[in-house]
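Chemist: Please take these sequences and the hints and turn them into a complete structure.
Just so you know, the protein sequences line up as chains U and C, in that order. Reading the first sequence from the start, the letters are residues 806 to 1128 in this note's numbering. Reading the second sequence from the start, the letters are residues 505 to 1133 in this note's numbering.
Rather than coming from a laboratory, the hints here were simulated on the basis of the structure. There may be inaccurate statements among the hints.
Calculated cross-link-like contacts (lysine to any residue; reagent style SDA-like; alpha-carbon spacing at most 25 angstroms) [to be verified]:
| id | chain 1 | residue 1 | chain 2 | residue 2 |
| --- | --- | --- | --- | --- |
| 1 | U | 892 | C | 987 |
| 2 | U | 892 | C | 996 |
| 3 | U | 965 | C | 703 |
| 4 | U | 892 | C | 1023 |
| 5 | U | 892 | U | 845 |
| 6 | C | 914 | C | 903 |
| 7 | U | 892 | C | 1001 |
| 8 | U | 965 | C | 1022 |
| 9 | U | 944 | C | 972 |
| 10 | U | 892 | C | 887 |
| 11 | U | 892 | C | 885 |
| 12 | U | 965 | C | 706 |
| 13 | U | 892 | C | 706 |
What follows is a set of in silico ranges between Cβ atoms, one per label pair, in the way DEER data are often shown [what the hints assert, rightly or not]:
| id | chain 1 | residue 1 | chain 2 | residue 2 | range |
| --- | --- | --- | --- | --- | --- |
| 14 | C | 685 | U | 971 | 55 to 61 angstroms |
| 15 | C | 695 | U | 940 | 53 to 59 angstroms |
| 16 | U | 964 | C | 677 | 53 to 59 angstroms |
| 17 | U | 929 | C | 778 | 43 to 49 angstroms |
| 18 | C | 1080 | U | 964 | 47 to 53 angstroms |
| 19 | C | 719 | U | 940 | 27 to 33 angstroms |
| 20 | C | 939 | U | 938 | 16 to 22 angstroms |
| 21 | U | 1005 | C | 887 | 43 to 49 angstroms |
Think of the CB as a built atom: it goes at the ideal place given N, C-alpha and C, for glycine as much as any other residue.
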Amino acid sequence: MTTITKEQPTPAQAPDGGPLLQASGVIMRFGGLTAVRDVDLTVNSGEIVGLIGPNGAGKTTFFNCLTGLYVPTEGTVSYRGEILPPKPHLVTQAGVARTFQNIRLFSNMTVLENVLVGRHTRTREGLLSALIRGPRYHKAEARSRERAMEILEFIGLADKADHLSRNLPYGEQRKLEIARALASEPGLLLLDEPTAGMNPQETRATEELVFAIRDQGIAVLVIEHDMRFIFNLCDRVAVLVQGEKLVEGTSDIVQQDERVIAAYLGEPFEGAPADEGDAAVEQAEAGFGAEAEAEAGAGTRAEAGADAGIAADDAGEEQENDR
Amino acid sequence: MTDIPVAAAETAAVTTAKPSARRIAPFVPLPLTAARAVTLIGVVATIAATFMSWTYTTDFPGDLTVTGYPGGLQVLTLVSGILTGLFALGAFGLKGLRWLAPNHSHNAVLLLALGTFATTWYTVIAIAQELGGLANLDPGGFVAAVGTLVLLIGALALPIHRHPQEDPNAEYFELGRLSTVPVAVAGYKWLRELRPHHTDLPVPDPTRLPGWVQRLIITLAAAVGLEVLTYGLATGYTEIFLGFLIVVVFAIWALSASGLLRQFSGLTAAHRSFANTMGFLAALAYPFAQNDEHYANLGVNILIFGTVALGLNIVVGLTGLLDLGYVAFLGVGAYAAALVSGSPFSIWSGVQFPFWAAALTGMAASLVFGVLIGAPTLRLRGDYLAIVTLGFGEIFRIVVNSLDGVSGPKVTNGPNGISQIPDLSIFGYNLGDSHDVGSVTLGRFANYYLLMLLITVIVVLIFTRAADSRIGRSWVAIREDETAATAMGINGFRVKLIAFALGASLAGLAGTVSAHVTYNVVPSPYQFAGAAPPNSAFLLAAVVLGGMGTVSGPILGAALLYLIPEKLGFLQRYELFAFGLALVLIMRFRPEGIIPNRRRQLEFHEDETLVPGKRPLGDDTVPVSSAGA
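Modeler: Written out as structure tokens, the structure is:
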């Protein structure tokens, strides 16, 4: 547990279970803007699934729909066959944990306390039991601490358990966010850009961490901009462009798909309007020539971000979050 | 051989180039032995002066005319002078006193000398000003003034650990437009470098002492704390209270500067429960340590105010919900207790609950109100919640004012309130009567003080146990980041409602006692802001000033906010202005409050062991100063 030694995945470690998370027909509209348009996605147990797409493609919005931060306009999300209620705490309770694109730790709490907060759904002790402090309370508290320290060992932060989380370096804050999510004993972990702002070494370490998490039997759904990271890691990759799922499949299929290349490298098709993203969305919403138009719009938008494979400019997604 | 000078030159270059290096320099250039001599001469002169007569008449409060026996403010000068002498001898390395300066710095001597100087000169100036001229000073007064001046000069000439030299290219953006004016920048930089600096000096670990010595030290500290507290509460006139404040502030600052305070917090952390017990015993001994009912009354009111502030601390300090109408819950508890107290003015005048039932009634009433107010409003965040609670606080007062049988149903008698509330009787022990315990007579207020102390201990227990548990962690998580907290599985609304309801019921509990202590309840004290506690603004100020999220912080804050208007009568019209100013200054220079939260402390002292700020009332050892230095 203490050391993470995981080699490259072999094809033999392909999906080994039934569907864990099933999102079907998820649509998210903000007023006139449709950020996520009829997306289906399945994550099987034991799988690492990647979600990529240009900035503003709706990846984080889709994540927020999955975890109950947003109530999808249409569509359902089910976990282990049961429909998830659109309340974040109930989603976590059900077994879906997440991290955030822009780190959201409890910065004035210690590292250990952060992880203990993650244990919230797996413990029952209420106010009364905290006031009375019976033997059951002590047992549960000791168990929580033990488990939290195990997770910190696993993630490699055990020696910093008493530090304030705000004082950790950036890479360790990212790790701590993952540790906190793991503490809720999830069956599925959603990682929103876990390597944003990391150097290649740290990225590789994160890669190994994700494999180690998968080996514990936790399925992972990860948003990332770092293509090498994604293609090394994922059993399947889904591409989201302009709120729509363009392609889904293994790394090879996705890498060779022309539409994906177009979306990232930004080759405008003939007659593509050089307009703003919103106009493209509305056009697409109106429903004519759905795919080609959407690609074209995405192509023009992705031009600037085409080489942003590693360090993503968060502006688009931030905007989405604020809505 | 040749490379040694090079290396030396290199290290020299490094030290001069490093602006953050520790700096030891006196403020006044004198040889060290001369400085020490001058300091000790000043100490001797100061102590001698307190045995002389300072003024001709007894018109100045405290009778400073007696030769051979210090009185009033002279006692303060004497104590401060003796302390300065002891700390100076310790810092100079006198065998047997070295433990007074565990970090081997002279900073504590300078601070104590400053305190001695300030309180003595304040006295001398007050004599001259109140009696009309320097002619009213006896030679003793002049000796004292000159002696403390000499002492101060000597202390200023001692080598002081000062703030490190600043980077010559540092830019001071906080100066705003002035940061482009070289003179202003130079002056500001000079002022910054003047500051003494001692927080990072190493001190020996006190826990290497034998266990019984450690316990003895804690016991002595509790006793001294009680003595100081009793003296301060019993100060009879404004001048002596001001002098007391000056001496205490500088003494605590000096304790912190010498490193003793840090050693002491190490001790209390090692013997937590023992320290808590001693603190409790000291608080318990308070009514036995003085025989004037008035001061026991002060004690009761401070405890009531402090308990309510602790309840508010759950809501504001732990959960981060800004509640501007909190005093209303105190009012609900007080009115509920008054209605079932058997008072002839209550609508149920025949009903007289025993105390435990009345306390539960008050708590339950506040709890119900807390849930009623919380359920719709806690879905709001930040400013909205503050506005709604502010509105609720005012609604409570206005409604209680109107339930007088004219504007509404007759429940509370409107502005006349419910009076003639009988005294409590617990197990046949009537709290209204005086009782003899041994040779000490416990009066009515002393009885209530003891009852209230018991309640305070219960509330402290509730607070610490709740704060250090699953629910407490979820409160703090919500304060830090509500979105992330809900994503971690915390039901934000439910957890916030629990905090709100718990805070409300603790205030209600304090309210039940306060109704009996004051004999009557009227609507007027339960307002948002006023010149005297309790009101919502003062409660909030007590929490913020004392230190959010700590136990001793709000109690200390409440004590200060209660005592200062009580003791400094002359402020009266300027009281709110002075509070506003004090709040602004504290928020600017010590935003974490007088007693910083353990988490805030960690922020500054990453590698130290956790030093919990958890001590009940009674021990006065409060790290007042380190950031102000």
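Chemist: Compare the structure with the hints numbered earlier in the document and write down the numbers of the violated ones, lowest to highest.
Modeler: 4, 8, 13, 14, 16, 17 and 20
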